[in-house]
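Engineer: Residue strings, one per chain:
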Amino acid sequence: MIFRAIRELREAGVLGMNGRNAAFILASNDRSRYPSADDKVLTKRLALDHQVPTPPLYHVVEHHGDIAGFEEGLQAHPEFVLKPARGSRGNGIVLIKDRTPAGFVKQSGGVIPKAEFAYHISGILSGIYSLGGQEDKAIFEALIHPDPVFAAVTHVGVPDVRIIVYRGVPVMGMVRLPTKDSDGKANLHQGAIGAGIEIESGTTLTAVHRSRVITHHPDTGNPVSGIQVPHWGKMLLMAARAFEMTGLGYLGIDMIIDKDRGPLLLELNARPGLAIQLANRTGLRERLEKVQKAPPKVLDKPETRVSWALETFRIKEV
Amino acid sequence: MKRSVIIFAVILFFIPVSVISYRVFVLHYPFFPVAFGKIWHVSMEARWAAKEKNIDIEMGLPANYGGRRVMGERITSGALDFNFFYEEQNRYGLWSGSVDSGEKGSISYHASVLVPSRKPPEKPPALEPYPKGIVEEKRALAERLTAGWKRLSPPERLRAVANAASGEWRPTPPAPADLQEWTALQQEHGPRVSFLILLRAADLSARIVEGLFLDDTIAQGFHSWLEVWTGKKWESLSLETGKIYAHPSKLLPLVIGGYPPFLTAGGSLSEMRWTISQRMQDYWRLHFEHVRGSSRLLDRLSLFHLPAEFQQAFRILLLVPIAALIITILRNVVGFPTFGIFMPVLMALAFRNTGLYYGLGIFTGIMLLGYLLRLGMDKLQLLLVPRLSMILTFVILALAFAALVGSKFDMKGIMAVGLLPIVILTMTIERFFILIEEAGLREAVRTVLGSAAVASISYWIINQEPIQFIFYFYPELLFGVAGIQLLLGRYTGFRLSEIFRFRELRRPS
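Chains Y and D are the protein sequences, given in the same order.
Going by numbering that gives the first Met the number 0, the first residue of the first sequence is number 0, and it counts up by one from there.
Going by numbering that gives the first Met the number 0, the first residue of the second sequence is number 0, and it counts up by one from there.
Heads up, some of the hints might be wrong.
[Stated by the list, open to error] Taking CB as the label site, the calculated pair distances span:
hint	chain 1	residue 1	chain 2	residue 2	range
1	Y	115	D	7	20 to 28 Å
2	D	308	Y	115	52 to 60 Å
3	Y	52	D	6	46 to 54 Å
4	D	441	Y	212	18 to 26 Å
Quick caveat, the hints were computed from the structure, so don't treat them as lab data.
Predicted, not measured: the structure shown is a model, and the values here were computed from it.
Every residue gets a Cβ at the ideal spot worked out from N, C-alpha and C, and that includes glycine.
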């Protein structure tokens, strides 16, 4: 029975954890290049060099001595986001929409007095939010106003788009929609749902919620499929460029869609999860192996990689 | 799989195969160095007092019989002479000598006996005659009583006799007159003899055995029981209840066949004491002697040459890679989550002090306490190192408190936390907390359970004395373990848990 189940998974082209680690992450991601995905400041700088838009960076605080002067760097920006450069999963992030003489007004409404805000920055620098406990940098960047396209299937929080890129070829994508269960975070482990994206048209398919395929958002009750992802073609191109940016062969690219600025690169992940297969109801290994057999000329430029991917991975009408 | 990996693995497997072959075929090591069984140390001490000019003391002693092996015998006889003599399968010690009337002295006997967990097959015995003094009509009565059982198999017949001995006649009770007669016979000859009569009438060979009950104990005399042949082996039964002993390997026969366990002539024996204890060291010593005396290179490289106080640690240490191997399998093949590799192994090592159940209890308690503490501290937003130090401090305080409670209720397991890897546990608390934050309570609890399961399995393995012994004896086996680890390092197939996780994607062919 077990052997049959394993054969069925293999035939479906599913990628398992061991296969991902050994055949793709270990084989294509050079350890020395990890910082370009882990350090958000570095990611931003590289993105800038490769014409990949990111939320504009306003200011960086690297040392405790610089905390006192942080406001000067933000003079021109009434609203901004403060986040740790190495933080993950949204910990330590503060969204500021305005400021008053009393302090900073959070997007959720509360006011943080300036002294407390400085203390928070100091915490980030000391590494409270970096999981390894190393010293960190505090980043100030533009506040995102999410495009309302996913409003019907978002309970709270900001949805984002994840695209898996192998050797620069976008192979699979999904929209991650926060739920009540995930506490507004766009993280599938925490209970967010992931809706697959048909790669040629950029419309959503069914979704996965805690390893189960679903058709409707668990909180809003609206169908998750058939939503046209705006700027899809541009996002594929941004994802494809992340390969030249980082040199990482196997990468998850997380993007967010701002209603004014369009798609922005949020962060890179050198060990993207496997649940995207359930969101798309398609095995990853099948597609990754096609990339391995792709004609070398295709892999030269981001544009040719994207058009090859559209041709190869589109869901053919039956 | 990569060719270089396979070649490397083959080399790793080749090392133990060749070294062990050399040891077995050239150095004549035992192929399987472990004796399956337990070693018991038995020692007897007694005082004698002579009443005549000569004294003889005969006593049944352990013999190399029924798979048992007697090692390291030491006998003291004082003023007396000592000899062994044999009668059938029994071995006796005879202390004898010319003494003055009224003289007193003491004798002793010490030996280690290896009792196999499985007995070797034995020849079927001949049917013994009825006990002495049983007249024809009593035999006829017993035949009538057992007539209904003749077609049963020997074990079933034995059960029927045993039930009858305790008053339950099945399937059909005998005629009331016979039963009355039987009760009278039981009163005349006593339960032992009547039991034997009934067994004989049911065509079952039986014999009375005098010996020792193996338990860490001190016995004032001998223990007697009954052995009945049930077609393949001797079954041991209690003489008092007729019940079959569940653990016959706990019985050490000394005198078989209904003879007295000891006899004295010309004097008396008093204050006899048998001290019985289980020995762990003796296998080790057995091989130690062999290896120490050898000048061969491999023997001189043996771990048996380490000073005794370090040997114990290495016995355990050599098994840690196996525990790590188990963890690799559970994580990468089964897909069970654990907190790293070292935590479960260290837990398993710590459980050696506390015992498994207390160990798991303490582990659960600490995780819970640590979690609550960490939850409370989260609001304070402390930096990593001071935060961990603080949790550590409270964990140790809690352990000290638990030890006090343990001493109050005399629970040694709770107090014996000395080796508990508290620092690692503290890190685990931290990771547990992060995991709850990141992946949710379900995943975190799954990881805790996975770690506990792996720790328990590892604990079980490193406490298997035969496995400890084989690896201590043949440490080159570790190369083989490394070979398996190497192959697992290139296992890129599915984890068993992924069959479930990706069940929606399975494509039946």
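Engineer: Per the hint of 18 to 26 Å, is the separation of the Cβ atoms of residue 441/D and residue 212/Y within bounds?
Structural biologist: Holds - the Cβ-Cβ distance for residue 441/D and residue 212/Y, about 19 Å, lies within 18 to 26 Å.
Engineer: With 46 to 54 Å as the target window, see if residue 52/Y and residue 6/D comply at their CB atoms.
Structural biologist: holds (50 Å)
Engineer: Holds or violated: 52 to 60 Å for the Cβ distance of residue 308/D and residue 115/Y?
Structural biologist: Since the Cβ atoms of residue 308/D and residue 115/Y sit about 58 Å apart, the hinted range of 52 to 60 Å holds.
Engineer: 20 to 28 Å was suggested as the range; check whether the CB atoms of residue 115/Y and residue 7/D agree with it.
Structural biologist: violated (58 Å)
Of the numbered hints stated above, the single one contradicted by the structure is hint 1.
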